[in-house]
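Undergrad: One-letter residues, chain by chain:
Protein chains: 2
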Amino acid sequence: MDLNLMRELSVKTDSKIVLLVVDGLGGLPLEPGGRTELEEASTPNLDALAARSDLGLSRPVAAGVSPGSGPGHLGLFGYDPLRFQVGRGVLSALGVGFDLQNSDLAARINFATLDDSGKISDRRAGRIPSEKGEELVALLNENLKIDGVEVFITHEKEYRAVAVFRAEGLSGELSDTDPQRVGLEPLPVKPQDDSPETRKSAQLANAFVEEANEILADQHPANTVLLRGFGMHPALPSFEEAYKLDAAAIASYPMYKGLARLAGMQLLQEGAGIAGEFETLKENWHAHDFFFLHVKPTDAAGEDGDFARKASVIEEVDAQIPGLLDLAPDAIAITGDHATPAKMKSHSWHGVPILVNSPYTLPTTDRFGERPCAGGSLGVFPAEEIMGYLMGHALKLNRFGA
Amino acid sequence: MDLNLMRELSVKTDSKIVLLVVDGLGGLPLEPGGRTELEEASTPNLDALAARSDLGLSRPVAAGVSPGSGPGHLGLFGYDPLRFQVGRGVLSALGVGFDLQNSDLAARINFATLDDSGKISDRRAGRIPSEKGEELVALLNENLKIDGVEVFITHEKEYRAVAVFRAEGLSGELSDTDPQRVGLEPLPVKPQDDSPETRKSAQLANAFVEEANEILADQHPANTVLLRGFGMHPALPSFEEAYKLDAAAIASYPMYKGLARLAGMQLLQEGAGIAGEFETLKENWHAHDFFFLHVKPTDAAGEDGDFARKASVIEEVDAQIPGLLDLAPDAIAITGDHATPAKMKSHSWHGVPILVNSPYTLPTTDRFGERPCAGGSLGVFPAEEIMGYLMGHALKLNRFGA
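In the order they appear, the protein sequences are chains A and B.
Sequential numbering from 1 applies to the first sequence in the UniProt record's numbering.
Sequential numbering from 1 applies to the second sequence in the UniProt record's numbering.
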């Protein structure tokens, strides 16, 4: 999406937009001739909405390329995922609510197990419980002292935490220490370019690992840390800047909260489960004009290869559609950040079904599913354009040119 | 469209192309489940042609963005409408047949009414008749003298005229004087950048308004001028340069004549009404190898919210198709510059049905309409690519690469 064009044409109005992201929505038939997860699910409400909507297949990132959640969501928010690359560390820091500043360097921490020969024997430290993880994070925060940099460590979940390095002149062009396999030694952090900032940052990160190893020496199985996904805060224009939208996010996982915060969205305290998230939407309906609502379990079911469970989560979403429509949003998009076909047990590059609803649509079918979407009036198009369509359908864009 | 590629591959041949632009052709159903204007119209000739054509939906400018006529047509002619932005003043100057030079600065004039306190009380001077407008233009041309610049004023219609400033070193980066609402004072022309050219041009434009006010002082209700849409002639490669086409235009409104002249097309003196325009095509058939034929009343009916009238204009176009086919064009495209759904009473961002006919097509249906086009063999694609398809279908492009 050309965000300068959006900035130029967008106007503040009372109309309200909902972007419902059913994570990993896109699927595949298990066998030729079969149905996808979405096609197999019984979705009377989504089907009825499809009969009044524009349909299409949205394509994340590039042909054949399976996106992670970061680029998948940046695209949905209208940011070019190839231009704005966000390190996993940054996403985690934002997700735990850390107030990341522009000059901060973030990295993801896994607590892990080193054996006597200095090799990794468990990359997740025996999946220590969250209480233990919190305890170890406190221990590190108390004892770590590295010259020339402040380090903030925040616990995420179980064996996962985030480190934020605060100093002037840092860089995120650093390699991971995680060798990705057990039986190998942890790698040193290596600078990925030759700038003084990057060399300095690599030194600090290696000093951090060395000190952490000393502090954790007696904490087997969590006697070391692996660092991954180094990165700085990317300079994304916010939703307010790009679209003049006062945007709010409802998501249950840290990563998606982090992505929403990158776009300048306000995080709403979400209710439990899918129904709880829609309840949160309802409660906050009058306070914002854009809502990003993220549903996670479809993706998890797809990753587990559980076709039936994924279809059943989609049915759970379908049950919430009447309540969503009762709010009378001016424009709605329902899609995923990527496909996660149960058949592949992973994210994939396939087109993701999308439905865009407003009073101004060209419906082509009365079913929401991959195949009906392939023949829809939106065609097969880059996910980055979805925000443009939503802004148009909500009548929030001025005409371009005389 | 990559015009350098077109320039490299295009060859001069005897084959002939017709680009029939039915302005604002795209539409929407008034109610879910209903038909669009084009689908509702009885179009036996277009349907029969669709059965022998490639179909698709062409998308102007960007997702969700409703284009003005300028960017809409630049896209149809293969120019990137985001790169080549043309001020309304330039379009008007070209439309009235003014021989605009590359260093000229053009702006649109509205005659308007100033009240005793210096505020605008009518932005259209009581919609003075064209004869009065002509008289006032003559008065201005006789009496205006501004040091360092020649000014040419040409009457357009009723309260509308065009001013062209001719001097070296001008710039079009100027703001309008029209405050867009009555009850406000006219705005001064402000430079939009800090270059000497722009500051000089702002001074000249403000001097123009001051002198015009003196000359028009006794001409209530047309006792002032508002200036809008400043701009210089954009450096578009002509159809001859880009495509090696000797192009001619048949259009009844100044704006579309202006757009055609920007592309270097020769303006043909058009007959009256839609039938008259097709008659002009027939009379000039042997003199050119590309014809742009512009039909306006569909857009006007859409803007008026008159679904039935828009459908009826489409039927009028349909009646001309047999005569068009009798000329045996080698390639034909029939589309619009944008959608103007009667439901919205305005231009919109929706896909515009397009039919491309030649002996080399992949037909998918026997109906011309938005929904049949959504499933066509051209897909949903940028309007800028239409000229490429026309050149291909007319066998006017060499193979690219060995």
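Derived by calculation from the structure, the hints in this document are not laboratory data.
Check the hints yourself; a few may be wrong.
As the list claims (entries may be wrong) - Which bits of chain A does chain B cover? Going by a derived footprint, with three or more residues having C-beta under 8 angstroms, they are:
#	segment
1	9 to 22
2	376 to 383
3	395 to 401
Positions of the beta carbon are idealized from the N, C-alpha and C atoms, including for glycine.
Undergrad: Now tell me if each hint is right for this structure.
TA: Now the hints, each set against the structure:
1. 9 to 22: violated (count 1)
2. 376 to 383: holds (count 6)
3. 395 to 401: holds (count 4)
The structure shown violates just one earlier hint, number 1.
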